[in-house]
Amino acid sequence: MSFALYMVGFAIFLGGLVWGAFVAGVPPIYIGIGSLVILGIGIFSAVGRTRSKDPS
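Per my numbering, the very first residue in the sequence shown carries number 12; after that it's consecutive.
Please keep in mind that the hints were generated in silico from the structure rather than gathered at the bench.
Nothing here was measured: the structure is a model prediction, and the numbers come from that model.
Incorrect hints may have been included.
Here are the computed distance ranges between Cβ atoms for each label pair [as the list claims (entries may be wrong)]: (1) L47 with G20: 14 to 22 Å; (2) G36 with R62: 15 to 23 Å; (3) L50 with S13: 17 to 25 Å; (4) T61 with P38: 29 to 37 Å; (5) A35 with S56: 23 to 31 Å; (6) F33 with R62: 28 to 36 Å; (7) S63 with G43: 29 to 37 Å; (8) F33 with G59: 27 to 35 Å.
Glycine included, C-beta positions come from ideal geometry on N, C-alpha and C.
Could you build all of it, start to finish, from the sequences and the hints given here?
Put into structure tokens, the structure is as follows:
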């Protein structure tokens, strides 16, 4: 559940960045490339923060 919550928050954050870049006049190709890179970073950090710790 915490992974989904983390990803929803990150999607809202990414949406705000995309909207801001669009309003600022950044070309769509750069917005798409930047979005994919930031989405990958978000997935890596979400997995790292929400994975279970080993009981040993």
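Checked hints:
no.: 1; hint: L47 with G20: 14 to 22 Å; result: holds (18 Å)
no.: 2; hint: G36 with R62: 15 to 23 Å; result: violated (39 Å)
no.: 3; hint: L50 with S13: 17 to 25 Å; result: holds (18 Å)
no.: 4; hint: T61 with P38: 29 to 37 Å; result: holds (34 Å)
no.: 5; hint: A35 with S56: 23 to 31 Å; result: holds (25 Å)
no.: 6; hint: F33 with R62: 28 to 36 Å; result: holds (34 Å)
no.: 7; hint: S63 with G43: 29 to 37 Å; result: holds (34 Å)
no.: 8; hint: F33 with G59: 27 to 35 Å; result: holds (30 Å)
Hint 2 from the list above is the single one not met by this structure.
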